[in-house]
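Engineer: From first to last, the protein sequence lines stand for chains A and B. In this text, residue positions in the first sequence follow our numbering: the first is 1, and each later residue adds one. In this text, residue positions in the second sequence follow our numbering: the first is 1, and each later residue adds one.
No wet-lab data here; the hints were simulated from the structure. Treat the hints with caution; some may be incorrect.
DEER-style ranges, computed between Cβ atoms [said to hold, decoys possible]:
1) B:Asp63 / A:Ile37: 20 to 30 Å
2) A:Tyr261 / B:Pro40: 56 to 66 Å
3) B:Glu7 / A:Gln239: 20 to 30 Å
4) B:Lys36 / A:Thr225: 29 to 39 Å
Ideal Cβ placement from N, Cα and C applies to all residues, glycine included.
Chain residues, written in single-letter form:
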Amino acid sequence: MSYDYDKWLRPGKLPHIWCPGCGHGIVMKGLIRALDICGLEKKNTAIVSGIGCASRLPGYIDANTLHTAHGRAAAFATGVKMAKPEMTVICCGGDGDGTAIGGNHFIHACRRNIDMTYVLMNNHIYGMTGGQFSPCTPTGAKASTTPYGNPDPIFDISKLAIGAGATFVARTTAFHATQIDKLIAEGIKHKGMAIIEVVDDCPTTYGRRNKFRSVIDMMKVLKETAVPVAAAAKMTADQLEGKILTGVLYKEDKPEYCEQYAKVIAKAQGA
Amino acid sequence: MSSAKIEVIEKYCKGCAICAEFCPTQVLEMDAFVVKVAKPEACIACMQCELRCPDFAIKVHKD
């Protein structure tokens, strides 16, 4: 039977604003399936985003949703989680929103290990504002603000998250649709900060400037460059050049922030 | 012969062609900017098109 996405969608909102072939729609469907895998209810689910193409996602989902200031999704989500620790809090946004403008909030949310899931759609560009380069635009790639090629090295979002202290870090691509829901669900079930990086395609502002003739070309590149972590363990550094490692990259158990903060409150109240 | 029925919601389809490209049995074809079900009998109900459509425009109904 076809999947019933409608129960998690706000009526009358489709078709969505994303361009033809944009992977954000695939990620949104994966997120909805993950909400069902975890058996979540609308009243106990909060989805928070910043600004950008990817950050339009909560507008389509019928749950408690917040569309906040640019880069501040993690900060608002921290507030929601602290006020209502029983809620499942999910952040979503793009690479520019999460790692540039909101980079500070991103790393400190990771450091605190607060129990939330951050779905970061990495399409290598600022799509909505006109294709400016982001910290995830590959070196040498063209953007509207780097017409001669980007001289900057990139952020590896997953390594950044691990370094900053996130306790569950996973990566997949928009092509690997069945993996998206599994990893997001695993992240939601994990007690602590979970980062799910979904390497995505932006045909409109990234693809056409970088010699991708179509969405299909971009999807094929995602398909061909993704290597599961288990397979990567048997490959040499040369073989892994330019590849994207997918799957669960890091997982550990550490004290969760809301629980630690509750202890502080109890202590201050003389318990 | 397949018992699956593919429903295309044309007002949602933006013609990206991801579904047609990754269909393992070439059931789907692009008709200008909208996908059409060209060979319904070849459908093996693998659900790949429904799963990959970014626009919620394809539903595969199977018994």
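Engineer: State for each hint whether it applies.
Structural biologist: Results of checking the hints against the structure:
Evaluation of the 20 to 30 Å hint for Asp63 of chain B and Ile37 of chain A yields a pass: the beta carbon distance comes to about 24 Å. Taking 56 to 66 Å as the suggested C-beta distance range, the pair Tyr261 of chain A and Pro40 of chain B conforms, at roughly 57 Å. As the Cβ distance of Glu7 of chain B to Gln239 of chain A is approximately 43 Å, the hint placing it in 20 to 30 Å is violated. For Lys36 of chain B and Thr225 of chain A, the hinted distance range of 29 to 39 Å is satisfied, since their beta carbons lie about 31 Å from each other.
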